[in-house]
Amino acid sequence: MKLDAKIQGGAIASRQGGRSVPYHPLGFRGALTIAGKESGELLLSKRGLLWLLLVSIVLSAFALLLISNTELGLLDNAQVVYDMIGLVISVGALLTLVVGADAIGGEQERGSLIPLLLTPLPRSALMLGKLGGQLVTWAAML
Amino acid sequence: MTGYAIRRTEVLVELRSVEAQRGGVKILRNVTLTVGAGEIYGLIGPNGAGKTTTLAVVVGLLAPAAGSIRGLGLDPVRQAASVHARTGIMPERGGFYDWMTPSEYLGFFARLYGCERAPDEIGERLAQVGLSARPDQPIETLSHGMRQRLGLARALIPDPDLRVLDEPTNGLDPRGRREIHALLMALSQDRGIGILMSTHILDDVERLCDRIGIIAGGITVAEGAVHELASIGRDLAAPERDGIDCYRLRLGDRGEDVASYGAPAAVSLLGREGDWCTVGVASKDAPEVVWRELMFLGWPVREIQRVDKGGASSGLERLYLELTKGEGREMAA
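Protein chains in written order, with the numbering used here: chain A, 2 to 143; chain B, 233 to 565.
Treat the hints as calculated values from the structure; they're not laboratory data.
These numbers were taken from a predicted model, which means no experiment stands behind them.
The C-beta atom is built at its ideal place from N, Cα and C for all residues, glycine as well.
Each hint should be verified, as a subset may be incorrect.
[As the list claims (entries may be wrong)] Residues from chain B that keep clear of chain A, each with C-beta distances beyond 12 angstroms, as calculated:
hint : residue
1    : SER300
2    : GLY355
3    : ALA359
4    : TYR479
5    : ALA497
6    : ARG534
[Unchecked claim] Covered, in the sense of this in silico footprint (three residues per stretch, anywhere, with C-beta under 8 angstroms from a C-beta of chain B), are these stretches of chain A:
hint : segment
7    : 28-39
8    : 42-51
9    : 104-114
10   : 117-128
[Claimed, not checked] Taking lysine to aspartate or glutamate pairs in the DMTMM-like style, the calculated list, with each CA pair at most 25 angstroms apart, reads:
hint : chain 1 : residue 1 : chain 2 : residue 2
11   : B       : LYS258    : B       : GLU324
12   : A       : LYS47     : B       : ASP368
13   : B       : LYS516    : B       : ASP477
14   : A       : LYS131    : A       : ASP103
15   : B       : LYS557    : B       : GLU251
16   : A       : LYS47     : A       : ASP103
17   : A       : LYS47     : B       : GLU372
18   : B       : LYS258    : A       : GLU110
19   : B       : LYS516    : B       : GLU535
20   : A       : LYS131    : B       : GLU372
21   : B       : LYS557    : B       : ASP467
22   : A       : LYS131    : B       : GLU336
23   : B       : LYS258    : B       : ASP307
24   : A       : LYS131    : B       : GLU324
25   : A       : LYS47     : B       : GLU336
26   : A       : LYS47     : B       : ASP330
27   : B       : LYS557    : B       : GLU460
28   : A       : LYS131    : B       : ASP330
29   : A       : LYS131    : A       : GLU110
30   : A       : LYS131    : B       : GLU348
Extracted from the complex, chain A is given alone in its bound form (with noise of 0.2 angstroms):
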């Protein structure tokens, strides 16, 4: 059975007034405000914390073996810092890499995805600021 009931519209209250929106069509700052949402996210949690200690527990045993070590300890000293430089940068890189996968995937799983999705904000812009989040992230562990 399929019921067509009529549709009250006369009832329609009229809307006060006008409200104009701040919005801005460019979304720099909204790219801003995620990338330091993701940077905040991927450095404060647990995670992040994580990830941080034991970047520093490795890399700390590395230079404590490249100055210790008898054999490494023939490399001079200019080259034990370019050695390590190139290392940290690499494994910051991973690192932001590993944390930051889910920067889409992870949101959309948990279903935070889609709040960002309803405002105003650009997609371009919200990616942006994804990428953003990552570089930031990447120089806090270097």
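Use these hints to put chain B onto chain A, whose structure you have.
Positioned in the frame of chain A, the structure of chain B alone reads:
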């Protein structure tokens, strides 16, 4: 900041014969609804009827396969940003950042809407939904009901013309439900904001809504004013409900919020009137086991009465049961 020039209109949302699919499965087959300014519109239907998908189409998250849709006079898919700027939306899943506090969370979304809210204004939003006592408590420590309130507060952050709420009172305690009812009614009546909400709680519909649409199997099977549809329901003959037995439960003083306690799969809440609520129980299940499960979940059941098939407590409930008959069997399975 630049304000968008948006055409003002009395009809905020208009769907006409909308079809939509997800993952190759057609969810909406013919949905029609109209929401006006200052109106609370309730979208009701069984689980899987297409309520959430309809809301996704309204806010432009899902493009319709057929039919026409206008939101705030715009195309929600092609002009999504403009529609979102004027719409407060509460999705079904909260999706919160557990490491933030409610104040930080609302501040974050305020910035995304381009509205820098002062801390006292954020506090005002939290107070509106009854969260003023916990502005700086991490979200991970909040209960389900508190998170529900926070989701509603997020939908209050922009200053919109339309609010789209997916089951806004789900999981709230009795006082919380009353407070949210009062808030939604004030928003609608005092500020002329249109509200489109989905729910499966007929009590919410009867208390709040001006008009409703009933969806079953992705089709709008009825739409109209609540009192009109209730009147039609009262005139209906007692419906058959194969596979479902109906009972009336008298509840204790906590009984107002039975929906938030949760229910076994075999039980569906059909309606409530005063201390009594009507439930449907799948015939294949032993009632004694079901009552024990309900008590375990915290239902303050004081008395149980078997009612005849068709013992709906209101005209709206009777109409709903009639129109969703096939879906009911699916729910009870």
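Verification of the hints:
no., hint, verdict
1, SER300, "holds, 16 angstroms"
2, GLY355, "holds, 20 angstroms"
3, ALA359, "holds, 21 angstroms"
4, TYR479, "holds, 25 angstroms"
5, ALA497, "holds, 22 angstroms"
6, ARG534, "holds, 36 angstroms"
7, 28-39, "holds (count 5)"
8, 42-51, "holds (count 3)"
9, 104-114, "holds (count 5)"
10, 117-128, "holds (count 7)"
11, B:LYS258 to B:GLU324, "holds, 20 angstroms"
12, A:LYS47 to B:ASP368, "holds, 19 angstroms"
13, B:LYS516 to B:ASP477, "holds, 9 angstroms"
14, A:LYS131 to A:ASP103, "holds, 10 angstroms"
15, B:LYS557 to B:GLU251, "holds, 22 angstroms"
16, A:LYS47 to A:ASP103, "holds, 15 angstroms"
17, A:LYS47 to B:GLU372, "holds, 13 angstroms"
18, B:LYS258 to A:GLU110, "holds, 23 angstroms"
19, B:LYS516 to B:GLU535, "holds, 22 angstroms"
20, A:LYS131 to B:GLU372, "holds, 23 angstroms"
21, B:LYS557 to B:ASP467, "holds, 17 angstroms"
22, A:LYS131 to B:GLU336, "holds, 19 angstroms"
23, B:LYS258 to B:ASP307, "holds, 21 angstroms"
24, A:LYS131 to B:GLU324, "holds, 24 angstroms"
25, A:LYS47 to B:GLU336, "holds, 18 angstroms"
26, A:LYS47 to B:ASP330, "holds, 11 angstroms"
27, B:LYS557 to B:GLU460, "holds, 20 angstroms"
28, A:LYS131 to B:ASP330, "holds, 18 angstroms"
29, A:LYS131 to A:GLU110, "holds, 16 angstroms"
30, A:LYS131 to B:GLU348, "holds, 21 angstroms"
When held up to the earlier numbered hints, the structure conflicts with none and fits them all.
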